[in-house]
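Trainee: Got two chains here, each in a separate frame; can you build the complex from them with the hints?
Line order of the protein sequences matches chains S and E.
Its first residue numbered 1, the first sequence is counted upward by one per residue in the numbering used here.
Its first residue numbered 1001, the second sequence is counted upward by one per residue in the numbering used here.
In case anyone wonders, no lab produced these hints; they're calculated from the structure.
Keep in mind the model is a prediction, meaning the values are calculated, not measured.
Cβ coordinates follow ideal geometry from the N, Cα and C atoms, glycine included.
Be aware that one or more of the hints could be misleading.
Derived BS3-like pairs (lysine-lysine); straight-line CA-CA distance at most 25 angstroms [said to hold, decoys possible]:
| hint | chain 1 | residue 1 | chain 2 | residue 2 |
| --- | --- | --- | --- | --- |
| 1 | S | K48 | S | K212 |
| 2 | S | K115 | S | K132 |
| 3 | S | K73 | S | K124 |
| 4 | S | K199 | S | K212 |
| 5 | S | K132 | E | K1267 |
| 6 | S | K199 | S | K181 |
| 7 | S | K132 | S | K155 |
| 8 | S | K155 | S | K124 |
| 9 | S | K199 | S | K48 |
| 10 | S | K103 | S | K115 |
| 11 | S | K155 | S | K31 |
| 12 | S | K111 | E | K1171 |
| 13 | S | K112 | S | K155 |
| 14 | S | K48 | E | K1171 |
| 15 | E | K1171 | S | K103 |
| 16 | E | K1171 | S | K73 |
| 17 | S | K31 | S | K66 |
| 18 | E | K1171 | S | K155 |
| 19 | S | K124 | S | K112 |
| 20 | E | K1280 | S | K132 |
| 21 | E | K1171 | S | K66 |
| 22 | S | K73 | S | K103 |
| 23 | S | K234 | S | K212 |
| 24 | S | K132 | S | K112 |
| 25 | E | K1089 | S | K17 |
| 26 | S | K234 | S | K199 |
| 27 | S | K48 | E | K1089 |
| 28 | E | K1280 | E | K1267 |
| 29 | S | K31 | S | K188 |
| 30 | S | K155 | S | K111 |
So these bits of chain E aren't anywhere near chain S, every CB distance computed over 10 angstroms [claimed, not checked]:
| hint | residue |
| --- | --- |
| 31 | H1005 |
| 32 | L1041 |
| 33 | V1069 |
| 34 | V1081 |
| 35 | A1112 |
| 36 | M1134 |
| 37 | L1145 |
| 38 | I1234 |
| 39 | L1252 |
| 40 | S1277 |
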Amino acid sequence: MSNQIEVSNLHVSYYGKQVLNDISFTFDSGKLIGILGPNGAGKSTLMKALLGLIPRDAGSISIEGKPIEASRKRIAYVPQRSNIDWDFPIIVRDAVMLGTYPKLGLFRRPKKEDKAFAMECLRKVGMESYAKSQIGELSGGQQQRVFLARALAQKAEYFFLDEPFVGIDVSSEEVIINILKDLRDAGKTVFVVHHDLAKVERYFDNLLLVNKELYGAGPVQHVFKPQLMQQAYKSPFAVIGDSLGVGI
Amino acid sequence: MEFIHDLQNYEFLQKAFLTSIMVGIICGVIGCFIVLRGLALMGDAISHAVLPGVAISYMLGISYFYGAVATGVLTALGIGVISQNSRVKSDSSIGIVFSAFFAAGIILITMARSATDLTQILFGNVLAVRASDMKLTLIIGSIVLLAVILFYKELLVSSFDETMAAAYGLKTRLIHYGLMVLLTLVTVASLQTVGVILVVSLLITPASTAYLLTNRLSTMIVLASFFGAISAGIGLYISFLFDWPSGPVIALATTALFILAFLFSPKQGIIFRKLRSSRKIADGV
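With the rest of the complex left out, here is chain E (with noise of 0.2 angstroms):
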């Protein structure tokens, strides 16, 4: 209870803390997504590729937002045009392009700074947040959440039936774009949450875990975001208990209740699967 009671008289304490609840909410809601299409290799991409639009922005003195969605952006247009245009899969393309732009990156973090900020962007350091990262981080939710919920319709069908919408007139790749443009700000909102190589556990394993629980889309996004805000939480708190590095514990805490659901969800959890064949077995059907 230490925890609540320095909470409540540390202001870098309380920033860090709802920095780290919205980062675990929009993470499960743009999560749920990246999951359902498949792109979970993508979100480890754009991540990792956000890194020399980091280092850029340091040398230009300007804010690490405007570097990193734009080097976020390039991978994803990068990848697009390989896999479009040339033989190569998709999977080779996202590890073409984002092993190139993280090389890249660290290089360039190299020449501008110090290898504490290195260390810093690559795994998070929450209680390092300012204020100036707090508001940034609460427009980029602000405008996630508004995507999401206004073209609602056109994610979940084309995300469903790719097909189908392209059939219909939707601009499909129009929403791949779109939705890895929002990646790519989630990415950088989170950049000092959970660090640029662990982003990808609060994306996929919160929505993964959300995804074994329902048969429902938008049930999922609530559930996620859900669990990504108590991952996120819970791993602030012993994060800031041993003093470890607040990336690694968050995602070993979205690891944490993905394995719960996986051991006990009704429908999917392996522990009752098994029970309902044995019972079947028993029953002699």
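The shape of chain S in the complex, shown without the other chains (with noise of 0.2 angstroms):
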């Protein structure tokens, strides 16, 4: 029961309009948790309602019992590329350090242990030669692990990645999953908004599958099915051998 992260009966509505609708699943925390679903199907509002950031019509979300709200220290969130600022003035190695913050508190500096440590999470995703530079002289794939590496500086034990894939090259992903799964095995929690049908199976032990309602939540081999897929895409899937086909 405690290990948990637990969403009942969850609504959300914008200006009246219903974006998610009776969502309810349970987890158990140490899994690797792919979001999927079609374009315009609430994945990037869920992640958004599970973090407690957009006001809910109904439900509860709950992470080992106690309310998301009292659980914020322990989350690390990287949000879609197309939201950020790339131009602000901030060199990586700082981006970086802005994962020390929310453990620092009100009116503590970084002090220099802080800048180390911002510098191994850096190392980790492959980053660290790019420590001056400004995060918009970095390519795509690159900023992206930058966030990631401010993610690892939360010292989170519960990651939300908004679309973390897209627009980024292979070597970048590559580094990406290899680290999501690197938390799993210690066991850390980390959902991920993904759309790219063909490395669902390599990618995630387990899924979200939403449409505005929830289509499937448990093990890949469980909800990656045709027939669910098929539902919730509201489309038909081709079969080829066992799995699922790509072309939509």
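Mentor: What follows is the structure, given as structure tokens:
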């Protein structure tokens, strides 16, 4: 009961329009969970609702039996790349150092060891040689790795990443997914909004399949099935062998 | 050099000079956050919206500080209420609220006093700065600088990535309204120097000039306050020399610095960018 993330009867709407309808699921911690669904299905909204960042009409979200609001310092969030102002006057190392802020609290400045820790996180994503670059000088994949480094610097237990693999190079994608798997193996819980169906089985062990409503929640082999996917995407899926084709 | 001589001899000029420099510094500091958060129009709005507060203070016979702060904060709240609770976009909400406040302010000032006061409030008259105004500017300046130093971390992270900041528990809305209060205070301090209409130039232009020259927020803040102070000083000098209104001259001084950075900034300036790209073409890259 205690080591769980539990969502029950979650309802979210924007200006009277229902975006998420009656979503309930439970996951044990220590899982790498993909959030799947077609465009406009409310995947990012679900992630923001899980984080308690948007008002919900009804429903509750709890982490280890406590409301999400009580667990904020144990959560790291990586936004979609398109939501960031890449011209902002900040260098890579300082952007990663923002990850140390939650634990510093008010009035305390980052110290030498925080800087060193930020550099260590940068090394984990292979970006230490860019520490002094302005963030806008990086490629998309490098930017995403820097933001993952920032999440690592938060020393969180729960990680939420919104579309981390969109528009990035293959090697950055490799680096990122390997780190996410390492986090899971270390007992952390990782949620990833994702839409490239080709890699679902290689990347995730659990899935949330949404399209305004919940179509499936659980291990990949139970959720990533043609009938369920067809229902959620409302279009036919080709079946190749035992697994799903990518053609939509 | 007559200016230096006059500066030594006339107390009114000393007050004007010190006040302008202080205003230039705090406008530069707050301006950085206004620019980076995309709130330039908000800065314009709040500066205009203090007008009815000034008028009401005249009528009640209290310091214009109280009225100005009250209507400035009301404007920020009003804009927030409209843009968060309807589909009206935030720039339109700003336009709706501030034009209403500004219009009401002009009517109230006309009712309360003669038209000369209106001109002074709109365009500034720094040579009429009294000792009490200078003290007010000093107090406001200290509050603003102290707030930015104490909450630098929070201002940085919420300006750069508001969602991440909210996700780890920062009260981002509180930070936004706190910043609006500081913006209102800065506007009030600037009333005498540049006037309501042109405060926005001292807020936006030095910060934008600094933005073209650095990749670090802390450096940007230092540069912006430096450019703000220089513009205010030069503006005051020229306005004293030719007997022109101080506000517009200071505003044009900020513009002159901006044009220099726009042309000659090593990284962002258009001249060096052109040179770099033509060199790349010549190298066959």
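Trainee: Each hint: holds or not?
Mentor: To see whether the hints hold, each was checked on the structure:
no., hint, result
1, S:K48 with S:K212, "holds (14 angstroms)"
2, S:K115 with S:K132, "holds (13 angstroms)"
3, S:K73 with S:K124, "holds (22 angstroms)"
4, S:K199 with S:K212, "holds (23 angstroms)"
5, S:K132 with E:K1267, "holds (15 angstroms)"
6, S:K199 with S:K181, "holds (14 angstroms)"
7, S:K132 with S:K155, "holds (23 angstroms)"
8, S:K155 with S:K124, "holds (13 angstroms)"
9, S:K199 with S:K48, "holds (24 angstroms)"
10, S:K103 with S:K115, "holds (14 angstroms)"
11, S:K155 with S:K31, "holds (17 angstroms)"
12, S:K111 with E:K1171, "holds (24 angstroms)"
13, S:K112 with S:K155, "holds (17 angstroms)"
14, S:K48 with E:K1171, "holds (16 angstroms)"
15, E:K1171 with S:K103, "holds (15 angstroms)"
16, E:K1171 with S:K73, "holds (13 angstroms)"
17, S:K31 with S:K66, "holds (19 angstroms)"
18, E:K1171 with S:K155, "holds (21 angstroms)"
19, S:K124 with S:K112, "holds (19 angstroms)"
20, E:K1280 with S:K132, "holds (24 angstroms)"
21, E:K1171 with S:K66, "holds (20 angstroms)"
22, S:K73 with S:K103, "holds (7 angstroms)"
23, S:K234 with S:K212, "holds (12 angstroms)"
24, S:K132 with S:K112, "holds (16 angstroms)"
25, E:K1089 with S:K17, "holds (18 angstroms)"
26, S:K234 with S:K199, "holds (20 angstroms)"
27, S:K48 with E:K1089, "holds (21 angstroms)"
28, E:K1280 with E:K1267, "holds (15 angstroms)"
29, S:K31 with S:K188, "holds (7 angstroms)"
30, S:K155 with S:K111, "holds (16 angstroms)"
31, H1005, "holds (41 angstroms)"
32, L1041, "holds (17 angstroms)"
33, V1069, "holds (25 angstroms)"
34, V1081, "holds (15 angstroms)"
35, A1112, "holds (42 angstroms)"
36, M1134, "holds (30 angstroms)"
37, L1145, "holds (16 angstroms)"
38, I1234, "holds (25 angstroms)"
39, L1252, "holds (26 angstroms)"
40, S1277, "holds (16 angstroms)"
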